[in-house]
Amino acid sequence: MIRRYPPALVAGAAITVFMIVVSLAAPWLSPWPPNVPDVGAILEPPSWRHPAGTDALGRDILSRILWGGRASLGVAIGIVALSVGLGALLGAAVALAGGWIDTLVMRLVDIALSIPAIVIALALSAALGPSLGNLVLVLGLLGVPFNLRLFRSETLSLRERPFIAASRAMGAGFAALLGRHILPNLAPVIVTFASAALGSALVMASALSFVGLGAQPPTAEWGAMIFDGRTTIMYEWWCAVLPGLAVALSALGFILLGDGLRDWLDPRHEAR
Amino acid sequence: MLAFLFRRLGFLAVVLLGVSLITFAIAHLAPGDPARLVAGPQASAEAVARVRIDLGLDQPVAAQYTRYLGRLVHGDLGTSNVDGRPVAEAILAKAPASLELMGAALLLAVLAGIPLGMLAALRRNGAADRTVRIMAVAGAAIPAFWFGSILIILFYRELGWFPASGRFTGTPPPAVTGFLTVDALLAGDLAGFRTACAHLALPVFTLALLDLGLFARLTRNQMLGVMAQDYIRVARASGLPEGTIVRVHALRNALSPLISVVAASLAAMLYGSVSVETVFGWPGAGQFVVSAIGNLDFPVVMGFAVIASAAYVVVNLLADLLLAAVDPRVRLA
Chain A
1 MIRRYPPALV AGAAITVFMI VVSLAAPWLS PWPPNVPDVG AILEPPSWRH PAGTDALGRD
61 ILSRILWGGR ASLGVAIGIV ALSVGLGALL GAAVALAGGW IDTLVMRLVD IALSIPAIVI
121 ALALSAALGP SLGNLVLVLG LLGVPFNLRL FRSETLSLRE RPFIAASRAM GAGFAALLGR
181 HILPNLAPVI VTFASAALGS ALVMASALSF VGLGAQPPTA EWGAMIFDGR TTIMYEWWCA
241 VLPGLAVALS ALGFILLGDG LRDWLDPRHE AR
Chain B
273 MLAFLFRRLG FLAVVLLGVS LITFAIAHLA PGDPARLVAG PQASAEAVAR VRIDLGLDQP
333 VAAQYTRYLG RLVHGDLGTS NVDGRPVAEA ILAKAPASLE LMGAALLLAV LAGIPLGMLA
393 ALRRNGAADR TVRIMAVAGA AIPAFWFGSI LIILFYRELG WFPASGRFTG TPPPAVTGFL
453 TVDALLAGDL AGFRTACAHL ALPVFTLALL DLGLFARLTR NQMLGVMAQD YIRVARASGL
513 PEGTIVRVHA LRNALSPLIS VVAASLAAML YGSVSVETVF GWPGAGQFVV SAIGNLDFPV
573 VMGFAVIASA AYVVVNLLAD LLLAAVDPRV RLA
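Here the protein sequences come in this chain order: A and B. If you read the first sequence in my numbering, its first letter stands for residue 1, the second for the next number, and so on. If you read the second sequence in my numbering, its first letter stands for residue 273, the second for the next number, and so on.
To be clear, the hints were calculated from the coordinates, so they are not data collected in a lab. Cβ coordinates follow ideal geometry from the N, Cα and C atoms, glycine included. Among the clues, some could well be false.
[Said to hold, decoys possible] Under the rule of at most 25 Å between Cα atoms (straight-line distance), these lysine to any residue pairs were calculated in the SDA-like manner:
{"id": "1", "chain 1": "B", "residue 1": "LYS366", "chain 2": "B", "residue 2": "ARG466"}
{"id": "2", "chain 1": "B", "residue 1": "LYS366", "chain 2": "A", "residue 2": "ILE118"}
{"id": "3", "chain 1": "B", "residue 1": "LYS366", "chain 2": "A", "residue 2": "ARG230"}
{"id": "4", "chain 1": "B", "residue 1": "LYS366", "chain 2": "B", "residue 2": "LEU458"}
{"id": "5", "chain 1": "B", "residue 1": "LYS366", "chain 2": "B", "residue 2": "GLY566"}
{"id": "6", "chain 1": "B", "residue 1": "LYS366", "chain 2": "B", "residue 2": "ALA275"}
{"id": "7", "chain 1": "B", "residue 1": "LYS366", "chain 2": "A", "residue 2": "THR231"}
{"id": "8", "chain 1": "B", "residue 1": "LYS366", "chain 2": "B", "residue 2": "LEU378"}
{"id": "9", "chain 1": "B", "residue 1": "LYS366", "chain 2": "B", "residue 2": "ILE298"}
[To be verified] Short, incomplete list of chain B residues facing chain A, as computed with Cβ under 8 Å:
{"id": "10", "residue": "VAL291"}
{"id": "11", "residue": "ILE298"}
{"id": "12", "residue": "ILE424"}
{"id": "13", "residue": "THR550"}
{"id": "14", "residue": "ALA580"}
[Unchecked claim] Quick look at which bits of chain B chain A covers, simulated, 3 or more residues with Cβ under 8 Å:
{"id": "15", "segment": "559 to 572"}
{"id": "16", "segment": "581 to 592"}
If we strip away everything but chain A, and leave its shape as in the complex, we get (with noise of 0.2 Å):
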């Protein structure tokens, strides 16, 4: 039987592609340089020649949110890999060996989980100073535990299905069974939450960015964008707002695409 794509999965992909391509192609498809000054055409609103509008050093709206994608999806994608890729590998690591390593990750898990990160996150970019790199770097490791404890209890439930056992028996050691048996059967689990997380991670990467701990000056990033804009937002509202529209309509394809793709992997789930 055909099943047909969930309109999540067929929305968010979508939505996802469009981004990403849009923003890979900045170069050729924004009209202006994204980080020339032109005193000649300080927020002016949008129009024919800008169609985004200015913002306050008289750069192009649409060509710096071209290029922030960049930025932008480049870090929630740097913050997914490092925090969903090395939770993924140490969570089924973990769980594969069992014992006593187990139970002491566990618990230092536990005691990870119970600190509020984002509070973490906000003093070790501070302390790290400001930097998109930092960023990356700060929200990826932060949001490992998380990622270790959900990808350890989906590896438990898969360590005791017969092919495991079978493998074991034929003398597998514990790294061919955790690269040629446990992480590609994870693979589709890996991929729905990766992609859902890359929503949460652009919104929070852009509120970091937003009080002052990501982009620097002039890299256009979106979260600094609307940072740099909130001054001018009673009046001259492109400049705050229009960013901002990327980074909710990115997240927005990023949520749409993990829930599609869990309802399609998962049709258990197409219930609820």
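Dock chain B against the given chain A, drawing on the hints supplied.
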């Protein structure tokens, strides 16, 4: 119950120790020589060396940590690099404004989110159910600080219904609790109470958005799960009215897991308050910490992390105890 309490208190101590280790490590990562920062840029090398000994920075790291921990236990979070005020005092002075904002937002999210979620569960695929689904996704996708800006444009600039910044217009009531709404009522100042509420409206709604969707969706899913249970079928078969079944049999079982979620949502709200306070010029701890980040005032940023983490851990402990009190299954686990 007593054993449970002791186990949770022990865990609390371990977590707080973890927080202190993390903040100590972070403070060590901060750029710049703290002795130089304290002594001032013009100080001689000898003066800086003297300050280093005074601050105990010549000691081994382990000794520095015990010293730091000893101070934390006594509520000493250091002094601000900018104005030399004790950090704990400065942050706690800003706390009532933040607590008023967060408390009102949490109240709104709980009081609106739970009924909405129940309505969605009882009328599946109806208008409420669709609203809940949209709100849950929107709450997760829309950055709060951006949503706040949109509300300012709409409700302040276009409609003029609510003020866009600050906590009060006119002379604030005499400080008793630090919550301006409560203080105005205590002073019998109804106009002041209205002003304080009007100032709260937009930031509270902004901050509540994320949790509103979350609580509503969770209530909905919990209700759906509980309503499918056998004991509900038995209640129905015995001819009880649907309203009684929902109120007496379903609600308590559906809502007890929400206690933990509400407490855990405090982490997002702590951070949300930082950006929302910045958008609305709300003079609380969040805005204070953002200006400290801008001024490279690390003691204030670290102090905020310590106080916020400790508050979060304690609130979650209280939530666990509350859950254990209302739900006997938890105590036995």
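These are the hints, each one checked on the structure:
Restraint check for LYS366 (chain B) and ARG466 (chain B): the C-alpha separation of about 22 Å stays at or below 25 Å, so the hint holds. Simply put, LYS366 (chain B) and ILE118 (chain A) have alpha-carbon atoms about 20 Å apart, close enough for the 25 Å limit, and the pair holds. The suggested pairing of LYS366 (chain B) with ARG230 (chain A) holds, with an alpha-carbon distance near 23 Å, which does not exceed 25 Å. Between LYS366 (chain B) and LEU458 (chain B) the alpha-carbon distance is near 20 Å, which keeps this suggested pair within the 25 Å criterion.
Straight-line distance between C-alpha atoms of LYS366 (chain B) and GLY566 (chain B) comes to about 18 Å, which keeps the hinted pair within the 25 Å bound. For the suggested pair LYS366 (chain B) and ALA275 (chain B), the alpha carbons sit about 37 Å apart, so the restraint of at most 25 Å is broken. Under the criterion of a C-alpha separation no larger than 25 Å, the hint pairing LYS366 (chain B) with THR231 (chain A) is consistent with the structure, at around 23 Å. Of the supplied pair hints, the one linking LYS366 (chain B) and LEU378 (chain B) holds, its CA atoms being roughly 19 Å apart against a limit of 25 Å.
At roughly 23 Å between alpha-carbon atoms, LYS366 (chain B) and ILE298 (chain B) fall within 25 Å of each other, so this suggested pair holds. Because the closest C-beta pair between VAL291 (chain B) and chain A is about 6 Å apart, less than 8 Å, the hint holds. Contact between ILE298 (chain B) and chain A, as hinted, is supported at the beta carbon level, the nearest pair being about 5 Å apart and thus within 8 Å. Because the smallest distance between the Cβ of ILE424 (chain B) and any Cβ of chain A comes to about 6 Å, under 8 Å, the interface hint for this residue holds.
Taking 8 Å as the C-beta contact cut-off toward chain A, the hint placing THR550 (chain B) at the interface holds, the least distance being around 6 Å. Taking 8 Å as the C-beta cut-off, the interface hint given for ALA580 (chain B) holds, the closest approach to chain A being about 5 Å. Here the segment 559 to 572 of chain B counts 5 residues with a CB under 8 Å from a CB of chain A, which clears the bar of 3, and the coverage holds. Counting residues of the segment 581 to 592 of chain B whose CB falls under 8 Å from any CB of chain A gives 4; the rule of at least 3 is met.
Against the hints set out earlier in the document, a violation occurs for number 6 only.
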